[in-house]
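6 protein chains.
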Amino acid sequence: MNPVIETVAEQLSRGREGGLLPTGRSHIYLPKRKAIIDVLFDIRSVLFPDHYPADDAPVPIDEHLSRVRRRLAREIASALRSVDRPHDAEALADQFLSRLPKIHELLLLDAQACFDGDPAAKDLHEIIFCYPGFCATLIYRIAHELYLLEIPMIPRIMTEYAHGKTGIDIHPGAQIGRHFMIDHGTGVVVGETCVIGDHVRIYQGVTLGALSTRGGQRLAGKRRHPTIGDNVIIYANATILGGETVVGENSVIGGSTFITYSIPAGSTVINQATLEKE
Amino acid sequence: MNPVIETVAEQLSRGREGGLLPTGRSHIYLPKRKAIIDVLFDIRSVLFPDHYPADDAPVPIDEHLSRVRRRLAREIASALRSVDRPHDAEALADQFLSRLPKIHELLLLDAQACFDGDPAAKDLHEIIFCYPGFCATLIYRIAHELYLLEIPMIPRIMTEYAHGKTGIDIHPGAQIGRHFMIDHGTGVVVGETCVIGDHVRIYQGVTLGALSTRGGQRLAGKRRHPTIGDNVIIYANATILGGETVVGENSVIGGSTFITYSIPAGSTVINQATLEKE
Amino acid sequence: MNPVIETVAEQLSRGREGGLLPTGRSHIYLPKRKAIIDVLFDIRSVLFPDHYPADDAPVPIDEHLSRVRRRLAREIASALRSVDRPHDAEALADQFLSRLPKIHELLLLDAQACFDGDPAAKDLHEIIFCYPGFCATLIYRIAHELYLLEIPMIPRIMTEYAHGKTGIDIHPGAQIGRHFMIDHGTGVVVGETCVIGDHVRIYQGVTLGALSTRGGQRLAGKRRHPTIGDNVIIYANATILGGETVVGENSVIGGSTFITYSIPAGSTVINQATLEKE
Amino acid sequence: MNPVIETVAEQLSRGREGGLLPTGRSHIYLPKRKAIIDVLFDIRSVLFPDHYPADDAPVPIDEHLSRVRRRLAREIASALRSVDRPHDAEALADQFLSRLPKIHELLLLDAQACFDGDPAAKDLHEIIFCYPGFCATLIYRIAHELYLLEIPMIPRIMTEYAHGKTGIDIHPGAQIGRHFMIDHGTGVVVGETCVIGDHVRIYQGVTLGALSTRGGQRLAGKRRHPTIGDNVIIYANATILGGETVVGENSVIGGSTFITYSIPAGSTVINQATLEKE
Amino acid sequence: MNPVIETVAEQLSRGREGGLLPTGRSHIYLPKRKAIIDVLFDIRSVLFPDHYPADDAPVPIDEHLSRVRRRLAREIASALRSVDRPHDAEALADQFLSRLPKIHELLLLDAQACFDGDPAAKDLHEIIFCYPGFCATLIYRIAHELYLLEIPMIPRIMTEYAHGKTGIDIHPGAQIGRHFMIDHGTGVVVGETCVIGDHVRIYQGVTLGALSTRGGQRLAGKRRHPTIGDNVIIYANATILGGETVVGENSVIGGSTFITYSIPAGSTVINQATLEKE
Amino acid sequence: MNPVIETVAEQLSRGREGGLLPTGRSHIYLPKRKAIIDVLFDIRSVLFPDHYPADDAPVPIDEHLSRVRRRLAREIASALRSVDRPHDAEALADQFLSRLPKIHELLLLDAQACFDGDPAAKDLHEIIFCYPGFCATLIYRIAHELYLLEIPMIPRIMTEYAHGKTGIDIHPGAQIGRHFMIDHGTGVVVGETCVIGDHVRIYQGVTLGALSTRGGQRLAGKRRHPTIGDNVIIYANATILGGETVVGENSVIGGSTFITYSIPAGSTVINQATLEKE
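Residue numbers (the numbering used here), protein chains in the order written: chain A, 1 to 278; chain B, 1 to 278; chain C, 1 to 278; chain D, 1 to 278; chain E, 1 to 278; chain F, 1 to 278.
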């Protein structure tokens with residue numbers, strides 16, 4: 001045995017044992033990412049079967065829902081077992097399913113908002129089929145309902161998937177109104193305790209986040225993220241932070257602004273640049 | 001049958017039928033994303049066969065072009081059928097092919113620009129092989145020629161692919177000059193009616209976009225995005241918006257600026273920060 | 001033979017031959033991306049075997065290290081051959097291995113920093129398992145050690161992988177202290193000659209970059225990126241540029257700022273927005 | 001263009017056009033082998049869900065049957081279209097489904113027969129799970145019901161699959177009684193118009209075939225293969241040929257015999273070898 | 001719900017419950033075929049690493065053995081659990097490993113025998129690399145050692161794999177001497193209680209089997225298959241049956257013979273054909 | 001390190017070094033099976049593009065031939081390098097290509113023979129698409145031409161592939177006339193020096209082989225396998241052996257016969273069974 005390996009093996013083993021982390025796979029619930037994403041895809045397919053066909057041939061809707069229910073219940077059950085919570089996974093899956101018509105309705109309004117806001121779009125199909133902003137909203141709206149049912153890890157895995165694919169990071173806990181539009185979207189962050197009204201448009205790089213704090217874990221559960229009123233437009237790379245920050249309705253937030261305080265309704269906020277002629 | 005499923009199935013079906021969307025797969029053209037990306041890869045391979053080999057062994061260039069032509073013509077044909085446009089897909093494929101030497105020449109200049117602008121780069125090969133900014137430019141230059149031929153959907157599918165991989169979202173309609181360089185690039189957005197001169201450098205998070213408008217679809221086809229002159233540098237997270245906005249040549253746009261008006265040639269624009277000592 | 005193809009083939013061939021690029025696969029070292037990423041995954045697995053299991057069943061740590069060593073030495077050997085550098089790939093692999101316990105220790109501190117800074121996190125496992133900021137830091141810390149051993153291409157391939165997955169682009173040459181936290185992270189850029197202290201937090205869209213220059217390749221090896229002191233917080237979309245720029249310890253850099261000069265310790269820098277009431 | 005290729009291309013093209021075969025894919029129905037085998041697997045799974053699970057988690061039987069029905073109807077429809085036969089594919093699928101309980105019952109008797117006949121078998125599960133003779137019988141029993149419904153090509157594709165996997169070639173048209181056992185089975189051939197009684201055992205290399213004839217296609221539909229009575233044992237490599245050949249009940253056919261005439265009930269037929277001492 | 005499905009579902013469910021088979025996956029041990037075949041391949045690779053490389057680069061033999069041991073112990077453990085046998089899987093794996101040098105030695109002699117017997121063979125490498133008879137012998141020799149350790153199911157899964165690939169069905173319980181050669185091999189069957197001497201050659205279609213019996217399971221463990229002496233040649237399609245049948249050394253058994261009695265040493269047995277001139 | 005592993009590693013290493021086999025991958029030419037089978041498929045596709053399409057869309061025949069030529073030349077080159085034979089792989093590939101029209105013509109006659117001989121066949125397409133006997137003949141006819149060009153290993157790899165798939169083992173060196181038909185085919189063996197006339201039909205389990213001999217390698221190149229005249233029918237499991245054995249034209253060889261001597265033209269040979277009534 002190579003002596004370097006011997007030494008490193010010994011040191012790493014010691015590091016693992018004496019470390020911050022309990023070891024051994026049995027102590028950790030590592031959700032099966034792939035299985036969860038497969039369920040997510042199947043839910044998306046039940047909502048938009050023409051755009052995201054799940055099977056070679058159309059599946060009757062009741063059979064499709066039954067499959068979604070079965071798969072989802074299985075993932076919910078293993079997630080709840082991991083936190084030792086007594087549960088009825090099938091009842092939770094049913095609660096989720098009963099929200100699907102509402103989600104479907106909201107998503108059609110979101111697609112309409114994207115179409116109205118983008119002259120380059122040809123029709124709703126194109127948006128549902130290939131707009132990353134709509135894709136992230138769709139996944140958020142599914143994950144949000146699971147979050148409301150207090151299912152651990154699964155909603156987060158779903159929105160992290162959307163984050164990786166689109167660069168848009170919406171926490172499943174955020175509350176987002178109707179006719180929501182994200183354009184382009186790379187770099188968007190929407191925090192856990194955000195509240196967003198109807199007809200809001202946000203562009204790439206916008207953060208609706210928390211103020212950094214050394215308070216850390218003590219703030220869990222507190223409002224840490226802003227409130228955005230109806231009909232607000234937020235341009236690219238604007239950063240709006242803090243749980244007490246409210247952006248009033250009908251406001252426009254200019255790009256690259258940094259806002260940690262409330263903005264009255266009907267305002268326009270601009271980040272004024274200085275121009276030097278050569 | 002579970003009663004929840006019965007109810008949800010009934011509601012979703014109603015939602016689909018009475019909804020905004022015509023249903024049934026036959027009504028919708030859903031481009032075969034994978035086939036289109038495969039064609040894109042094959043085009044890239046004919047341009048840079050050493051860096052992106054398409055086959056186990058080198059293919060003679062005429063045979064390679066013939067394959068590209070055949071595959072491309074097939075995708076063009078099905079895209080045009082979807083909009084009921086009478087067409088000659090093979091003639092369009094030939095028109096595209098005849099642009100390849102020009103694309104190749106432009107891309108070598110882009111690679112040179114990236115090399116000149118990044119002291120960390122070792123040689124042109126490294127840039128062609130692994131720089132995301134160059135990768136997105138390459139895909140844009142291919143998609144742009146297809147856009148000029150008015151082929152629907154395919155150019156957009158190609159640039160959305162680049163967007164997902166690199167976080168750089170260049171609309172295939174944009175007009176971009178020679179010696180173009182994007183560095184790092186995550187979050188870059190270049191809109192459909194942008195016009196960009198020669199020797200322009202842009203950094204991550206830069207938006208060359210449109211002003212949000214409630215005018216929506218009525219603006220389709222109008223100029224909505226800015227004009228950037230030759231030799232302009234635009235630093236990270238700058239946001240430049242509007243169809244009448246012109247950034248004059250030899251200007252420098254500082255990071256995190258928000259610009260919705262024209263900038264004279266030779267200017268430097270800075271976003272002045274306020275410093276408070278503790 | 002189609003005449004278009006004949007012409008294009010002839011033009012492209014000429015473009016290749018007379019061009020900037022030496023041709024023929026033999027002239028170019030194109031690293032085997034997949035093999036390198038596989039090694040990266042195997043190294044990650046030896047560090048966190050419970051979270052990133054490499055095999056169906058647990059592998060004894062010495063055997064696991066031996067496999068990592070063998071695979072890594074092979075990739076190192078072919079990378080060094082490509083630059084005609086005489087080398088002992090196995091000795092270099094051993095040097096890398098001997099740094100693993102240190103890397104492991106640093107990463108546990110980074111995970112702790114992420115946990116302390118994010119009230120939404122449930123435990124360290126969740127961070128190690130699914131936080132993109134931690135993921136990018138982990139890959140950087142591995143790549144950095146290979147960079148210090150002056151191994152070409154491989155470190156860069158690794159951090160480009162992280163860039164593609166997370167939108168976080170940390171150059172393997174950067175020097176980063178303990179308790180480092182990146183939150184969300186899409187659009188973050190950390191340049192080659194950055195020096196970052198302990199307990200630093202940075203948010204999505206932050207650039208620690210170089211000033212653009214026409215000096216280009218002549219600056220290779222020079223300090224071009226900023227220095228960040230201990231306990232600094234940098235909010236979303238801030239852009240800090242230049243090799244002489246120093247952000248003093250205990251400072252807070254507001255979001256969307258553009259900073260090209262030094263900031264004294266204990267400062268708060270804000271980008272003041274202008275508010276217009278309608 | 002290489003002159004050899006030019007000549008060969010010209011010759012082959014001429015060979016195709018003037019040849020025996022109409023050309024062009026549209027003239028030929030080429031069943032989708034993979035889709036048909038997938039349906040076969042799904043039918044097997046509905047019969048023995050514990051041994052051949054079709055999904056990660058158990059599927060309710062009605063949902064499983066509904067999926068089988070849908071997939072099967074699709075394949076039936078495209079097979080019937082190929083012969084321009086007017087049809088109701090769903091009604092045919094229903095007819096097939098209604099035979100499944102009978103098939104299941106027969107297969108349990110076959111498994112029991114294999115168990116009784118092989119002292120090396122541990123239990124019925126082992127036979128259902130891994131005996132090639134049972135595997136081929138199972139596929140035959142499914143294909144036979146489709147053959148009775150006069151569905152073209154699909155039954156044959158299924159038994160050819162079994163042939164490739166096990167070396168056992170049972171024509172879907174054969175009629176086979178209860179308690180059927182094939183042991184080992186490589187090389188077994190059972191022809192289209194065979195009739196086999198109950199409690200028959202056949203071993204590897206046994207042929208129940210037709211006499212070769214120059215009569216060819218004129219014999220289509222005629223009985224060309226033998227009849228085997230109840231309780232017959234046929235040892236390895238026996239060859240029994242001809243439509244008028246009847247092997248009476250309770251007979252034993254020795255290995256390597258060649259039989260083209262009828263055998264009375266209760267007979268033993270042996271192929272006597274000549275022994276020469278050195 | 002389709003009424004056919006309802007009826008069939010009800011009938012099948014009843015058939016399952018009242019049937020011969022206990023239901024529910026938990027009642028059945030279904031070995032993971034793929035995992036077992038992977039272990040088999042890894043064992044083959046440790047024996048002939050040049051011909052069957054298991055990894056991209058050569059693995060040190062001790063590490064390779066350690067991996068084989070770990071994987072094999074895991075499969076053994078789950079097989080023994082299935083029969084509720086108390087066990088030490090690692091000790092059994094060690095016993096198997098300690099037989100590997102002997103297996104290797106025997107296989108080299110088998111390869112030599114194949115080479116000596118086939119004028120078409122170029123060298124030993126060709127035989128080890130692509131002769132199906134050698135392939136089946138190799139798998140048998142591995143499975144036989146596991147059979148001797150009384151490990152359930154795994155040896156059988158291995159030889160069934162060989163059977164499917166080569167058409168050669170050697171029961172893992174058979175005892176086979178040195179310098180064994182099977183040529184071509186399709187259709188060969190060697191039963192559980194066979195005893196075969198040294199320097200034996202058998203050809204395609206040869207059966208060394210049991211007499212069929214209604215005695216069935218009561219014969220488990222008894223000798224049911226023949227004994228073959230040293231230096232015996234058995235030509236294609238010969239069938240030799242029965243536990244009391246002994247073929248004496250130096251005999252030649254002609255093709256297509258059927259032998260159910262003992263043959264003295266030095267005999268030649270021929271199946272005399274009758275010739276009729278037209 | 002486990003002591004068993006240490007011992008076994010030491011013994012195996014010794015066995016390898018002192019053994020019959022030179023070790024180290026560099027000493028051995030191991031053909032890339034997959035690459036060779038891919039070439040085989042591409043050749044089959046150029047012969048029957050409608051039945052075995054090689055690409056998503058039809059490829060022009062000259063381009064298809066060019067691809068076949070390139071791939072084949074590459075495999076030929078590496079096979080010839082392995083035996084240190086000076087060669088012009090491209091010229092050999094051209095020689096092979098120039099035989100394709102002849103192969104195509106022969107195969108159409110073979111398909112016609114299968115159709116004429118099997119009343120169950122519907123048309124030529126069905127035979128070309130799914131008859132294993134035709135499949136093996138097709139591969140043999142391709143491999144035979146490569147054998148005539150004295151290309152090592154490749155022809156054998158091809159026919160071994162057919163052997164594994166169909167159980168039919170035709171040596172590429174055999175000479176087979178026109179209108180050849182193999183029915184069912186499992187277990188058929190046709191040896192290297194066989195000569196078969198026109199209009200011959202052979203059934204499953206038929207061996208046209210060599211007499212076993214202790215002469216071994218000294219017989220390489222000698223005639224060892226029989227000659228079969230025109231219009232001969234050979235029934236299942238017949239075994240015909242020896243280089244001096246000639247079966248005269250218009251003969252019928254009954255099933256399960258063992259023939260090691262010549263048969264005059266127009267004969268019928270039967271293996272007479274003995275019938276005992278119970």
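Treat each hint with caution, since some may be false.
As the list claims (entries may be wrong) - Only part of the chain C face toward chain E is listed, based on derived beta-carbon distances under 7 Å:
id, residue
1, E63
2, S66
3, R74
4, A77
Calculated directly from the structure, the hints in this document are not laboratory data. Ideal Cβ placement from N, Cα and C applies to all residues, glycine included.
A quick look at each hint next to the structure:
no., hint, verdict
1, E63, "holds (5 Å)"
2, S66, "holds (5 Å)"
3, R74, "holds (6 Å)"
4, A77, "violated (10 Å)"
Going through the hint list in order, the structure does not satisfy hint 4, though it satisfies all others.
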